[in-house]
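A.B. asks: Letter by letter, the sequence shown follows residues -16 to -1, 1 to 303 of mature numbering (1 follows the signal peptide of the UniProt record, and there is no 0).
Hints were generated in silico from the structure; no laboratory data involved.
C-beta atoms are modelled at their ideal positions from N, C-alpha and C, and glycine is treated no differently.
Certain hints may be false.
[Unchecked claim] No farther apart than 25 Å at their CA atoms in a straight line, the calculated lysine to any residue pairs in the SDA-like style are these:
no., residue 1, residue 2
1, K240, E272
2, K102, S18
3, K160, D173
4, K240, T27
5, K240, V23
6, K197, G273
7, K197, K102
8, K197, I281
[What the hints assert, rightly or not] Simulated DEER-style distance windows between Cβ atoms:
no., residue 1, residue 2, range
9, Q246, N150, 40 to 50 Å
10, T253, N150, 40 to 50 Å
11, P53, D30, 16 to 26 Å
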Amino acid sequence: MGGYFVLLIFVYLAAQDFFLCVKSASDTPANCTSPAIRVEWNTFTDEEKAAYFDAESCLLKAPAQTNIPDVTSRYEDLVGVHSSQSDIYADEDTWHMTGQFLAVHRYYLHTHETLLRKECGYTGLIPYWNEVPDAGSFANSSTILDFGGEGAAHSGYEVLSGPFANLTSHLGPGAKNTEHVLTRRLDADSSLYAGQSYVDGVNNETAFANFQKNLFGTLHDGGHAGVGGDMLNIMTSPNDPIFWLHHAYLDYVWWKWQGDDQSRIHDLTDAGYETQGEPATGYVETSEGTVLSVYNILPSITVGDVLYTKGGYLCYVYV
């Protein structure tokens, strides 16, 4: 977990202006009377799992629609959105270790789910992976096994089985894009950070700033480093489709901590800056007006639009 964790803790974001248009919460009906329900992966039937994999494969086969360099598929459009705004090597990562970390990933999950449903005919919702039972033993995780398990040591930990066997990625690893096969190298020690004691520690925080910081350094890092391989690369970790289940789990933890408590939902006090590096105009605190972008895959929105999962722009809950 070491190198990845150190990078995440000490690399701070530099400003970028990618935003072409902003969708205000006022553009969406401010009601959510029948929220959709996201569930845990292991509650899916075999048919539901197959439908999810089919939809993901659809995105992997569909042509790219953005102008992000080196992307070759609709799925890689999503990876490119993440990597282009997470460039730790150029000090231009605006998605991690900022005040909008959880908010922008909630928006990113929504973007992925929207593409699955609107462009690939998926009728379900993205699932999450409850990592607590698997902490310390990701090798025995039924979720990871469903996604093809650990990569083969004899081939550089390339994933050679399951629905994403021999999946070729064109972004990463790192800032240099090189065609490579999806890799996964599990780390039992790192996966311990997914354990119940760490979940309890996160949930015991009463201020959002501390909640987000604690979650980032334990549950978030533990999941990424525990899976390893492509997931260990901060820029292009969405190359591994299990990324979505991991981040949906983090969103679930945040959703549960928020509840319907408006003071928690809107608490951004001391959450952090919009950027890692200091812009010429000075640091700006993350606020509900901070703009979030997915390069026009969906219209840009603001942090305030996604703070509440039943706020109108979003309309879902977890069970």
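A.B. asks: Tell me, in ascending order, the numbers of any earlier hints that this structure violates.
C.D. replies: 3, 7, 8 and 11
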